[in-house]
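Asks: Sequence:
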Amino acid sequence: MPHIQPLNALDHLRDRLRSELDVHRAVHAIEWGNPRVMTEALKRIRHDLGGEGNDQPAADQLQAALLRFARSRQVASFTELKYVCYGSTVPVGHDRWRVIDRRPLFEAMLELVNQHNQQPKQFRRCYQGLLSGYFGFERNLEKPGEADERWIGLRNYLADQLAPLQSASSKRGTMPEWLNTLSEHRNLLTSDPCSRYADALARDDHTELRKVCTGLGIASNSWVWEEALMAYVKRVCQCDDAELKKRMQSVLDLVHGKTSLTLPPILAVRAVALVVARYAQCADHPEHPALRDTCLEWIGNPWLKRTAWDAAVNHEPARLMVNSWLKQRLIKDFFGLLAADGAADLRRLEYWLKWEPQISDMWFVLGSDAQANRTPEFLDLRKRMSGRDRKLVDGNHQNNAFVMRIGQLLVIEFGVTGNACYVFAASDFQTSLDTAVLNLYQLKQKAYAKRLSHTAQWEFKFDYELKKLLQSVPMSKGELKELKEFNPASNTTNAVVHWRAQSTQVTAPRPVAPVTSHQPNSLLPPAIKADEYTGFDSKPAWPSVPPRALQASMSANGAQNTDTVRQKPSVAQLSGQKKRLTDVEFSQLQGLFMKHGVEWEDNRHKGGALWALIPEKNQNPSVAMVLELFRFRFTEGKGYWLKDED
Numbered sequence: 084m085p086h087i088q089p090l091n092a093l094d095h096l097r098d099r100l101r102s103e104l105d106v107h108r109a110v111h112a113i114e115w116g117n118p119r120v121m122t123e124a125l126k127r128i129r130h131d132l133g134g135e136g137n138d139q140p141a142a143d144q145l146q147a148a149l150l151r152f153a154r155s156r157q158v159a160s161f162t163e164l165k166y167v168c169y170g171s172t173v174p175v176g177h178d179r180w181r182v183i184d185r186r187p188l189f190e191a192m193l194e195l196v197n198q199h200n201q202q203p204k205q206f207r208r209c210y211q212g213l214l215s216g217y218f219g220f221e222r223n224l225e226k227p228g229e230a231d232e233r234w235i236g237l238r239n240y241l242a243d244q245l246a247p248l249q250s251a252s253s254k255r256g257t258m259p260e261w262l263n264t265l266s267e268h269r270n271l272l273t274s275d276p277c278s279r280y281a282d283a284l285a286r287d288d289h290t291e292l293r294k295v296c297t298g299l300g301i302a303s304n305s306w307v308w309e310e311a312l313m314a315y316v317k318r319v320c321q322c323d324d325a326e327l328k329k330r331m332q333s334v335l336d337l338v339h340g341k342t343s344l345t346l347p348p349i350l351a352v353r354a355v356a357l358v359v360a361r362y363a364q365c366a367d368h369p370e371h372p373a374l375r376d377t378c379l380e381w382i383g384n385p386w387l388k389r390t391a392w393d394a395a396v397n398h399e400p401a402r403l404m405v406n407s408w409l410k411q412r413l414i415k416d417f418f419g420l421l422a423a424d425g426a427a428d429l430r431r432l433e434y435w436l437k438w439e440p441q442i443s444d445m446w447f448v449l450g451s452d453a454q455a456n457r458t459p460e461f462l463d464l465r466k467r468m469s470g471r472d473r474k475l476v477d478g479n480h481q482n483n484a485f486v487m488r489i490g491q492l493l494v495i496e497f498g499v500t501g502n503a504c505y506v507f508a509a510s511d512f513q514t515s516l517d518t519a520v521l522n523l524y525q526l527k528q529k530a531y532a533k534r535l536s537h538t539a540q541w542e543f544k545f546d547y548e549l550k551k552l553l554q555s556v557p558m559s560k561g562e563l564k565e566l567k568e569f570n571p572a573s574n575t576t577n578a579v580v581h582w583r584a585q586s587t588q589v590t591a592p593r594p595v596a597p598v599t600s601h602q603p604n605s606l607l608p609p610a611i612k613a614d615e616y617t618g619f620d621s622k623p624a625w626p627s628v629p630p631r632a633l634q635a636s637m638s639a640n641g642a643q644n645t646d647t648v649r650q651k652p653s654v655a656q657l658s659g660q661k662k663r664l665t666d667v668e669f670s671q672l673q674g675l676f677m678k679h680g681v682e683w684e685d686n687r688h689k690g691g692a693l694w695a696l697i698p699e700k701n702q703n704p705s706v707a708m709v710l711e712l713f714r715f716r717f718t719e720g721k722g723y724w725l726k727d728e729d
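Per this note's numbering: the sequence shown = residues 84 to 729.
Think of the hints as simulated: they come from the structure by calculation, not from any bench. Check before you lean on any hint, since a few could be wrong.
What the hints assert, rightly or not - Dumping the calculated BS3-like pairs for lysine-lysine here, alpha-carbon to alpha-carbon at most 25 Å:
| # | residue 1 | residue 2 |
| --- | --- | --- |
| 1 | 329 | 388 |
| 2 | 544 | 415 |
| 3 | 328 | 341 |
| 4 | 560 | 527 |
| 5 | 226 | 204 |
| 6 | 341 | 415 |
To be verified - Computed Cβ-Cβ distance ranges for the label pairs, DEER-style:
| # | residue 1 | residue 2 | range |
| --- | --- | --- | --- |
| 7 | 201 | 325 | 55 to 63 Å |
| 8 | 501 | 557 | 17 to 25 Å |
| 9 | 318 | 156 | 40 to 48 Å |
| 10 | 443 | 372 | 17 to 25 Å |
Even for Gly, the Cβ is constructed at its ideal location relative to N, Cα and C.
Start from the sequences, fold in the hints, and give me the full structure.
Replies: Encoded structure:
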C-alpha cells in the first residue's frame, strides 16, 4: 500500500474550493440566465454587503395588498405592510384612489409602521417603502389638496426618522448604500430639496443628480427632476443682466423640450414667467424674439389674455414689454411681409411704429393670397396674429387690411398702395370686427369716415388729423358696436322697423367748425370740448362702385384702387329722388348677400335699381323674405330689385 502523506493546509483549501465549485455548477448550471435566480442572487449579495436595494413588489402584488388594506386597515404579514408602504402614493383600481388621499388609511399605515420602531431591520424596510412613495408622489401643482398636505407630513416624518434609523443601522453594522446616499442628500427631505443641484445643472452637468436618483431609485418622471430644473431656472434668474442674457436661451430650450430633460406644462409656464419678469428688470431689455414667441405660446397674447398674464406672471412691466414687442412685430409684418408687391412700405412702417404705444388693439384682415401662403414666414405670421386674424373678400387677392384701435378711434390701413387710410370714431363703425369674414365695402364705409391720403408729406397731415380727432371725439364714442345679425326667420314687418331703428340711431355727419391755431407750426390743435363734437369733417358719401364694375376695372387696370377713382353724384341725388334704403340698411344687405353668396348690382347711381340676382323665388327663401320685407319687386329669370322713390 502506498504511503499517503497528509494534506497540508494549502492542499486542503484547494480541494474544498474545487468541491464547492463543482457542486455549484452541478446544481445551478441548468438555471444559468434565469432572471429569478439572478435576482435572488443579487439580493443575497446586497444583503451580505450590508445593502438591501430597492425591493419594490410586482404591480399585481402591490394592488392586491392595497385593496386588502383598504377593506380592513390591517395587514396579514410584515411583507404585506411593506407592500402598502411602497404603494402609499400609487393609484389603485379604476377610481385611481391612493392611500395618501384617504386620511384614515394613511394614519393607519403609519401606526402599523411605528409598531416596528424597535425592530431596526423591519422598520428600515418600511421606511424605504415610504421613501419610494414620497419620491413617486404625483403633486397637484395647479390646486394642491389634502393629499399634498399629507405628502408634506410624510416628508417631515421621513426627515425626523432619518437620524434614528441611521444610528440603529450603524450599531448593527449593516448600513445600506441607499441610506448612506440619503444621509448625504438629506436636502431631499426639506422644503428646498433641489437648489443644491442648480449650479451643476447650469453648467449642463447632470452627474450628481443622476447618481443620487440611481442610488435612491428615483424615477425619471419624479417630481425631484422637476424641482431640480425649476431650481436651475431660478438660479439663472438670479444672475446679473449679462449672465442672464447668455443663459436665457438654454432655459427656453428646456421649456420647449429641446433638451434631454423636460418640464411638465404647468412648470414650463412658471419657468417662462420667471424669465420674462427677470428680463423686464434688466437695465437694457431689447426685443428678444425667442422670448416673445415663447411667451405667446405658453402664456398667450398679452393684450388678449390679460387674465392669464396676471395669473401666471403678475408683473405688469413684463406684460407691457412683450405687448410692445408683439405690436411692433405685427406692424412690421403687415407693412413688410404683407406688402402686395413684396417690397416693404418703409414710410408707413416707420410712421405706425411711432404710434405703437398708443395702439391698444389690432385686427388683421387677410386676403386670399396671405391666407393660402404656406411658407414658414406666413405660418409664423398667422400664429402671431392668432385671435385677431380675419378673412378679406376682395377682387384683389393681394390686398390685406390692418385695423388699429387708437384711443376712441378706429384706423384702417390697406396693404395695396394707393388706398386711403380710413378713420372712424369707434362707435360709428358699423361692422362688427368679431365677424370672421369681411368684405372690402364693410371696411371702406363712407358714412362717418375720415379719409386720409398718402400723398406728398402725408405723415404731417396724419399727425395733425389724428391728434385733432383724439382731442375732439368724446370718449363716449369709443365703444365698438356689436351689431346683432338680422334673423330672416322672423316673418314680420317688425324686421324692417328693427333695421331702420338701428340706422336712425346715428345722425348724419356735420362738418366740424374750422380750427384756428395761434401756433402755425404746431401739429397739435387747440382742444375741442366733447360737447362740441358733431362728427368727422368728411366729404359727401357718394354711393360705392358696384362689385361687378369694380372687378371689371381691376381686370382692365390691375389692382387699381377705388379710392383713387373720382365718383360723381348719383342721378338720384341730382334729381332729388328719395332714397329707399339708408346707408346702414344698404351695408347690412351687402353683408346678407355676402353671407348667402348672392350676387348683386347697384345701378341707383345712374337712375336704375338695386338688383339681387336670384333668378327663382324659391332659390334662396331666407334672403327673399328679407327683400320682400323691404318691398323689393321680383322679375322672373333675373331677381329682386328696388328703385329709389321719385
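Asks: None of the hints should be skipped; say for each whether it holds.
Replies: Hint-by-hint comparison with the structure:
Proximity of residue 329 to residue 388 is assessed by CA-CA distance (about 29 Å); at most 25 Å being required, the pair is judged violated. Our distance criterion of 25 Å between C-alpha atoms is met by residue 544 and residue 415, whose separation comes to about 22 Å. Distance check on the hinted pair: residue 328 and residue 341 sit about 18 Å apart at the alpha-carbon level, within 25 Å; holds. Among the hinted pairs, residue 560 with residue 527 is consistent with the structure: their alpha-carbon atoms are about 19 Å apart, no more than 25 Å.
Only pairs whose Cα atoms come within 25 Å are accepted, and residue 226 paired with residue 204 is rejected, the gap being roughly 38 Å. Under the criterion of a C-alpha separation no larger than 25 Å, the hint pairing residue 341 with residue 415 is inconsistent with the structure, at around 29 Å. In this structure the supplied range 55 to 63 Å holds for residue 201 paired with residue 325, their Cβ-Cβ distance being about 59 Å. Between residue 501 and residue 557 the CB atoms are about 33 Å apart, so this pair departs from the stated range of 17 to 25 Å.
Checked against the given bound of 40 to 48 Å, the beta carbons of residue 318 and residue 156, roughly 45 Å apart, stay inside it. The supplied range of 17 to 25 Å is met by residue 443 and residue 372, whose beta-carbon atoms lie about 23 Å from each other.
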